[in-house]
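Asks: Take a look at the letters that make up each chain.
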Amino acid sequence: MKIYFKDITKSYDGTPVLDHVNFSIDTGSDARDILLRGPSGIGKTTLLRIIAGLEKADSGSVEISMGEAAHGGSGLKVGMVFQENRLLEHMSSVANVSLVDTSVSEQRARKALGEILPPEALDKPVSELSGGMKRRVAIVRAMLPFSDILVMDEPFTGLDAETRERVIDYIMRNKGRRPLIIASHEVEGLPKMRELVLEQKQL
Amino acid sequence: MREQRRKGPEGSIKKIGIILFWILVWQLLSMTIHNSILLAGPVEAVIALKHMILTREYWDAIMFSLFRIIGGFFFGSTLGIILAWLSYRVSLVEDILRPFISVVKAVPVASFVIILLIWAGNRILSFYISALVVLPLLYINTLGGLKATDIKLLEMAEVFRIPMLRQLRHIYLPSVYPYLHSAFQTALGMAWKSGVAAEVIGQPLGSMGNGLYQSKIYLETADLFAWTITIVVVSFLVEKLFLKIAGYSIGRMKRSLIL
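Protein sequence lines, in the order shown, are assigned to chains A and B.
When you line the first sequence up against this note's numbering, it's residues 1 to 203, in that order.
When you line the second sequence up against this note's numbering, it's residues 1 to 259, in that order.
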């Protein structure tokens with residue numbers, strides 16, 4: 001499968017944020033993962049939100065394989081780590097992970113969470129977990145269900161170096177052939193990826 | 001600094017003491033006026049209540065009003081919640097309903113009673129009136145709760161394609177619940193007051209409102225107070241029971257949501 005992001009533009013209140021962004025992903029290629037870089041406020045999050053179908057591009061399209069242009073929303077099934085955790089705080093980590101996909105059994109959710117979280121953190125309400133633990137729950141929630149593509153917005157926020165290493169290892173082992181688009185300032189420990197650099201538009 | 005409110009047995013004793021104080025004031029007033037038509041005392045009211053309790057008509061009247069008012073309460077609540085959901089999903093529905101809700105809120109209950117007396121007769125009047133009073137309250141509060149739902153969680157649900165029923169249970173309900181709780185508390189009391197008032201105006205035979213009215217016609221002030229006590233007690237018990245059941249169900253649901 002090939003995914004083409006063609007001439008994506010987006011502006012807010014007349015201020016351009018994304019200006020004719022072009023890139024493609026070949027899921028069969030080894031270079032399918034992308035590291036999205038650029039200074040803060042350049043539009044990385046906006047681009048990820050367009051890929052996830054949460055925002056519409058002003059122009060441009062996302063085309064999958066041989067066609068099917070989808071202006072703005074891509075129609076892709078996306079596993080996403082948002083900039084914030086967006087967890088249901090009153091529910092346990094296991095319940096948060098199972099919630100997004102009924103096909104994810106409790107046992108599978110426990111096993112996956114157990115890889116990067118201490119066992120005592122699995123059944124507590126998320127509100128009682130530390131920021132770093134919550135982040136890891138959000139990552140497992142994105143990874144576990146079926147998806148065409150993984151999109152992560154600053155996934156390592158709040159993680160110390162050692163935990164980040166474990167989390168990167170978890171992501172790379174479990175992502176399979178799904179392309180991963182990751183926006184992160186913290187690149188240490190990440191395997192080599194194709195880079196897409198967003199730059200300030202010259203006004 | 002204000003004295004902290006006491007809870008537990010000490011608080012209960014204080015509460016009972018306050019109630020006894022006001023009953024004593026009532027008794028002293030009635031003794032001073034010394035005219036049971038103008039103001040029957042608590043002893044006379046209790047004696048009248050005792051006589052009424054032993055009659056079948058008394059219990060039939062309670063059942064008559066109870067079923068209609070509670071029925072109207074549930075009907076109005078359900079309709080209010082459904083309409084709020086529709087308004088939340090389709091803004092045109094909200095625009096269309098806005099004038100209707102404003103009118104229902106602003107028009108005095110007595111006007112509705114007269115209109116409904118003409119349209120529907122008096123037998124089921126209290127049902128419609130309770131429903132009409134409850135509907136805007138539940139509509140406005142539910143819509144408020146839905147609009148206050150965390151947009152970030154809704155986006156998360158959209159990305160992960162969480163089915164609507166799951167969204168309702170896990171995302172919307174926790175947000176709407178505090179709004180619903182306060183709306184139900186107010187709505188129950190209002191349903192009772194307006195329902196009985198409608199019965200007093202509409203005079204359906206064998207209702208609590210009818211009993212209240214008959215007492216007034218025959219200047220049986222003690223009976224009037226006895227009916228009033230009955231209405232207050234039944235309303236109080238229904239409210240406590242309903243909120244207990246609602247609290248229990250929500251508590252169970254919350255526990256089931258954690259895991």
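Please note that the accuracy of each hint is not assured.
Stated by the list, open to error - Listed next, the stretches of chain A that the computed footprint assigns to chain B, with coverage defined by at least 3 CB atoms under 8 Å from CB atoms of chain B:
(1) 31 to 42
(2) 82 to 94
(3) 99 to 113
The set of hints was computed from the structure by calculation and includes no laboratory data.
In this text, a Cβ means the ideal position worked out from N, Cα and C, and glycines have one as well.
Asks: According to a criterion of three or more residues whose C-beta lies within less than 8 Å of a C-beta of chain B, is the region 99 to 113 of chain A covered?
Replies: With 3 residues in contact (Cβ-Cβ under 8 Å with chain B), the coverage given for the region 99 to 113 of chain A holds.
Asks: So is the region 31 to 42 of chain A in contact with chain B by the C-beta rule, three or more residues under 8 Å, or is the coverage claim wrong?
Replies: The restraint on the region 31 to 42 of chain A is violated, since only 0 of its residues have a Cβ under 8 Å from chain B and three are required.
Asks: Please verify the coverage claim for the region 82 to 94 of chain A: does it have three or more residues whose C-beta sits within 8 Å of some C-beta in chain B?
Replies: holds (count 8)
In terms of the numbered hints stated before, the structure departs from hint 1 and from no other.
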